[in-house]
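Asks: The lines below spell out each chain.
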Amino acid sequence: MNTVLKNKPKVVEDVWIPSACTICYGGCSIKVHRVNGTVVKIEGNPDSPVGSGRLCAKGIAGIMILYDPHRVNTPLRRTNPEKGIGIDPGWKPISWDEALDEITTRLKKVREEDPRQLMVQVTTTLAPSSLIFFPFGWAFGTPNMWVAGGGVHCGNGAHAAGGVTHASWSIVPDFKHCNYAIYFGAAKGHGAGHAATPNIALAADARERGMKMVVVDPMCNFAAAKANEWVPIRVGTDAALALAMANCLVNDLGIYDAEYLRDRTNAIYLIRPDGKYARDPESGKPLIWDTQSNTAKAHDDPAAKNAALEGKYEVNGEICQPSFALMKNQLKTYTPAHAEEITGISAATVKRLAREFGEAARIGSTIVIDGVTLPYRPASAIFFRGAQGHKNSMYNCFAVDLLNHIVGAADVVGGTLGFNPVSYGHPETGRPRYVPRADKDGLMATGIWLLPHVPYPAAEPRKPDSMGFCEMFPLSHVSPLMASSDQEHWWKQFELPYRPKFLLNYGANSVMSVGNKEAVVESLKSYDFIASFDLFLNEFSDFADIILPDLSYLEVVDPRPNYPFIFNHPAGPGEWGWPIRQPVVEPIHERRSARDVMLQIAYRLEMGPEINMGINSYYGLDGPQMLKPDMTYNMDEISDRELKHKFGPERGLDWFKEHGVITWPKRVEEVYWRTFLDVRIPIYHEYLIELGEKTMALSKKGGMSFDPAYYGPLPEWLPCKSHEVKDPDFDMFAFYYRDAIQANGFTMQNPWIDEVARIDPFSYRIAVNAETGRRKGLQDEDIIRLETVKGRRVAGRVKLTEGIHPEAIGIAACAGHWTKHQPIAKGKGVFFNDLLEIDFENTSPVNLNLDLCAKVKITKCPGAKNETAALEMDLAPV
Amino acid sequence: MKDNRYEQLIADLRSDYRPQREWGEGRGILMVIGHFLVGVAGGTWLMASIYGVIYGLMVAYVLAALGALVHLMFLGRPERAIKMMRHVRTSWISRGFVGLTLFLIGGGIYLAITLLGLTGIWRALAVAANVMAGIGTIAIIGYMGFCYTASKAIPFWHSPLHPAIYIAFAIRGGIAALLVIGAASGQLASDWLLQMWTGVTALVTLFFALEIQGALSSGNIAAKWSVRDLLAGRLAFSFYGGTLLLGLIVPVLLLTNSASNSPVVMAILGVASVSGDFFMKLSTVKAGVYVPLFSPARRSHAS
Amino acid sequence: MRLGMVIDLKRCMGCYGCQMSCKAENGTPPGVFFARVIKREEGTYPTMRRKLLPVLCNHCTDAPCVKACPTGASHYAENGIVDIDQDMCVGCHACMVACPYNNRYFNDERRNYFGDEGPTPYEMERSERHPVGVVMKCNFCRPRLAEGKDPACVANCPAKARIFGDLADPNSDVSVLIKDRGGYTLHPEAGTSPNVYYLPE
Ligand SMILES: Nc1nc2c(c(=O)[nH]1)N[C@H]1C(S)=C(S)[C@@H](COP(=O)(O)OP(=O)(O)OC[C@H]3O[C@@H](n4cnc5c(=O)[nH]c(N)nc54)[C@H](O)[C@@H]3O)O[C@H]1N2
Ligand SMILES: Nc1nc2c(c(=O)[nH]1)N[C@H]1C(S)=C(S)[C@@H](COP(=O)(O)OP(=O)(O)OC[C@H]3O[C@@H](n4cnc5c(=O)[nH]c(N)nc54)[C@H](O)[C@@H]3O)O[C@H]1N2
Ligand code: SF4
Ligand code: SF4
Ligand code: SF4
Ligand code: SF4
Ligand code: SF4
Ligand SMILES: [Mo]
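Here the protein sequences line up with chains A, B and C, keeping their order.
When we follow numbering that gives the first Met the number 0, the leftmost residue of the first sequence carries the number 0, and every step to the right adds one.
When we follow numbering that gives the first Met the number 0, the leftmost residue of the second sequence carries the number 0, and every step to the right adds one.
When we follow numbering that gives the first Met the number 0, the leftmost residue of the third sequence carries the number 0, and every step to the right adds one.
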């Protein structure tokens, strides 16, 4: 290394700046090394529990995003009025003044006409920093906001279920104490999911400690690679397996935690023949059966300690049963043999998994943590994208989670933890503080949530006012109707009194991230005007009218990259950490921070009081730190107030810029809160019945119909649309998964990441079972085409593997970019989403989750020069 | 921008059986050409010395000088070539470099004195220079095979027969060169050269067959992969067309069918033989496949 | 002191963090990975296993690359580190074909990650470290060691699967782990005495 020493230029500056990553929504704490104004290294910040000094490969590669010469440098205006895929918008640089003038003029008009004509779209990548966009929408007066592909893919089921039973956005095993974890389509601790990177070390510790891990997944993916056992499952059938396991536990093995069920769930609530709670005629409270006095008592009566879990009792002149008894009975239909038929997993395996899980839970055992004796249930069942990404997503999630509640392994030591649903705040300020509480029926409502909708108690369904109809389906938080092929039809049917006119986009690439591009593009074409903040021109920008060059995460301030803690702060014992994001380099070119620009737009629109109040409520600012209605602020000032509000006047933005992060210890009653809080969770989702009735009645008015089976109080197995395809040519279930090296569609343009992905055997290939492939005459690198019954096609190259279910096809990430503005990303990998229908048919009628698997036939394309050619060829199936 | 070497590197990093490309592809071809030229030079010098063919010595010298030049062109930093003398204790390249230097200096002086017809004390110097060139000759003939054999990373090369093959090649090359020179100069071209050619060729063929047999029976998967590449894979063309056809079949046909030892036939034979040698070197160098870091127990394709 | 590394395959999840942190630390040109991860599989459906193998220079005690090097550019530096003196290297590739682990790279020409767009400010900062015409490889992050830090790939490994230390000290973490967990090296038949060990899954 002599050359280095000889030629080293004079160092005038050499600093490490603490901040936060945002290449995925994980927000890991980073330290950025800047030498003479150039970023030369990004490392983890060891002072912060969010990553503890370690980053994933993407986080390290952020330098190549910062310095990508293809970033947008100035505001751009389209000169070609015609919009379409492959049609060049004819971008022309314009000044910020010109751009902002046009945007404000148009927004003003839209707001005067009908503010609901504004649609706000943000990317999940920036979810924790989407501040301004949501308050802007509220202030503007529009209900139309969505997290592009995000919600309907990651989350409508997973987050709702997490919220209802764990008061959190997501769940994870208590890696520190768990001995047996079963994953249903999740990669937590193995490269994806919430708190992706911090969880890696925890999962590795657990593995070294001897935690047994079983991964139920159609593909031997990142988690399965490290599991003790990989259980290949037919795509979309998770509920059938989970319910059969529950059946074995409850009915065959008699393994269930009666105490937990009695004290912490509604298992003891008496259910009337119509399925609803038996209620006290006066107080309206749900009733339980006191086995001491042999009378019905209110659920919050001390007698609940002796409540019956089984039996039939006459209450208010009707024969009622505890919900547990109903569940037990209903589960009997989910025999291991049934599970075998549906999932392809042998009945013996189903039984064994149930027994192993039940035994691992050690029902009745306790452990002392920090001097407190707590239940010890070292078994955990978790789900995420894989299990939840289907039309039956709600039941899949409830069914898997039920396993935890049956053995009492929820938010206790060793069990399944919600991500930090309880916080008592910094010891000096008591902030931030939030705690779940019981609603009128004794069931848990979350202490904090990411968005205004709450999973429980769900809002009253009402006639839709928004483009996505979330009002009618209150368990959803976003809706595919925002970009569906049948949106106009439904809008007409439900007499939506306006049409979208203006789309304001913050980063999302919805043309690629939601479903088939035709549907999304059609929906985009209906806007009069689209303004988009992004770092790059992408497939979405081809439909924008004005592009606004944003600053990257290395150039902006954010006072709370990891708050609310229920989202991307590592769960389980340890420390709390509140880091900030701060600029590590000066902005160059005409780039500006989207959030400051949005504030300016709001003030220009004379929405000052509304937006300031919106921010106050979003951040929970009060007292001296509250924004005043008639003042104008920038993000630095707002950040300063937010930080002082949470950590005291001496710890404002400057303090955080210097220190990067503040930490304090987690308390045992925060981590293992279940034992400490007097709240119950539903194992019997009684509220769904009424919700279903109301939603059904409302939706019927517009001619929308769905199977009421989705709204039963007990989870069931219901098929995906893909399971209903009977044509034998269409014999494969295609699905996608997160590539540990990619973050959705965004990182494909990063040349460091692209290089690794090209060397990886799977990143840019279609994974096909080796035996299936041989049967179909396929070899590695063959170009194949996948086609759905609806004629949707994608093409890609084959990678034969022993690590995938014989009926499954696995495709990594959100790939297959075609924009010329991202030459590195262009043409790499497979654009899976083009196989997906976007319409109500393919959507969960409970939470509006889009079904993300597709039944396809494989066609070999010999002679096709490339993937594009393969899409055009006329061929017979293999 | 199409950057083939980069694309190739990425593809290699993806693959299980990674071929050696440093010596033999792209600029690496210069290494093979260099070895080829220097090998023929060594063999020619040797044969020409034994039979006192001054043209042979001259040709050998020119070939060696060319070889040295090509070697220099191959280096990433040719201006530092002199540093290559430093590790004769362990490095075969170093030994070869020293050998070549000795040869070029010694051979140069010897040839200069001889061609200028100098006498007296000069003759003594010429004898010393010739000894020096002789040592150099032995070094350059001998070292080449060891450059490859030294690499345990590439089991196909890592065969004790490799040095023997390279020595035999040098001699075969020398004979071939003398055949051509003989034809061109109208001298020589006698049966014993052809007999020697036949003998050495038989030896080379035997060594090579043994090497293939060794690779196949070694149980080493990378060695087998090399043989596959050579006999039935990406190198089959240069192996069958170059090595086998040019280097063996054509000369043997000429030998057996030609009525007379006409100079033209001898020259063609020599050229064919020496070209075959080149392809032989090229193919075996390129056939080097690294032992994979992870040997999959079962491959999903190609089975 | 004999510096060495232990990679715990039980902990490693194949995230490529090492590959990327090495790239960022060293600013290696396109196609060059002092650290990389090999992802393969073993066995047949459904009992197959996905295998992950992170590799880097083994800093062999009997390094064939050093032996093969005619100039002495490849040499044993302090504490057993095998390094390349870039001012000595002639670019003859002998070390590359000698390394049984494919851990050496030849810098044949200047390449930028964004190709014709030219080097990024980062690449301009780093490229001087990699002169053209010579061979390069992992040097256990000697500059970091000099600052008292762990190598970049070790410090960053999200799974804490990489442990760095003194193999000559029988009580060091690395030595104890190798002993307790049955650490092994790659291609022992090559007789190179690697100083990078692997712990079985
Ligand atoms: N096939 C497939 N489809 C998927 C997924 C998948 O894995 N595979 N994942 C699904 C899920 S769960 C999600 S959450 C969605 C995600 O879908 P999207 O939210 O659309 O995410 P990306 O495709 O990554 O696009 C992110 C965009 O944000 C931009 N961006 C990044 N940083 C910034 C910034 O600082 N400022 C601004 N203004 N823009 C920025 C990037 O340039 C990029 O254009 O996709 C869903 N769709
Ligand atoms: N590296 C990386 N990390 C990320 C992201 C990223 O893009 N890259 N994105 C972030 C976002 S937005 C999200 S939403 C999360 C998602 O995080 P995860 O949900 O953990 O991610 P996935 O890999 O999409 O899905 C997990 C597994 O589900 C499997 N699967 C697919 N279909 C089924 C099925 O029907 N049943 C079962 N049992 N399994 C199935 C897939 O094979 C995959 O292994 O990750 C976040 N973190
Ligand atoms: S997990 Fe996400 S936030 Fe964390 S370092 Fe990786 S890309 Fe950045
Ligand atoms: S960084 Fe660590 S966990 Fe990731 S691949 Fe490398 S060794 Fe394995
Ligand atoms: S791994 Fe290769 S480069 Fe490293 S010391 Fe050993 S032989 Fe040399
Ligand atoms: S390329 Fe450089 S380091 Fe390698 S053997 Fe030749 S001189 Fe030595
Ligand atoms: S020790 Fe340093 S140079 Fe070597 S692989 Fe690790 S990060 Fe790269
Ligand atoms: Mo997501």
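You may find that some hints are simply not true.
Stated by the list, open to error - Below, simulated DSS-like cross-link-like pairs (lysine-lysine); rule was C-alpha separation at most 30 Å, straight line: (1) C/LYS66 / A/LYS211; (2) A/LYS825 / C/LYS9; (3) B/LYS223 / C/LYS159; (4) C/LYS178 / A/LYS827; (5) A/LYS656 / C/LYS159; (6) B/LYS1 / A/LYS827; (7) C/LYS148 / A/LYS211; (8) C/LYS178 / A/LYS775; (9) A/LYS211 / C/LYS178; (10) B/LYS223 / C/LYS38; (11) C/LYS66 / A/LYS827; (12) A/LYS656 / C/LYS9; (13) C/LYS66 / A/LYS40; (14) A/LYS40 / C/LYS178; (15) C/LYS148 / A/LYS775; (16) A/LYS40 / B/LYS1; (17) C/LYS148 / C/LYS159; (18) C/LYS50 / A/LYS175; (19) C/LYS148 / A/LYS40; (20) C/LYS148 / B/LYS82; (21) C/LYS178 / A/LYS524; (22) A/LYS350 / C/LYS9; (23) B/LYS151 / C/LYS148; (24) B/LYS1 / C/LYS66.
To be clear, the hints were calculated from the coordinates, so they are not data collected in a lab.
Asks: For each hint given before, does the structure comply? Return the numbers of the non-compliant ones in rising order.
Replies: Failing hints, ascending: 1, 2, 3, 4, 7, 8, 11, 12, 13, 14, 15, 20, 21, 23, 24.
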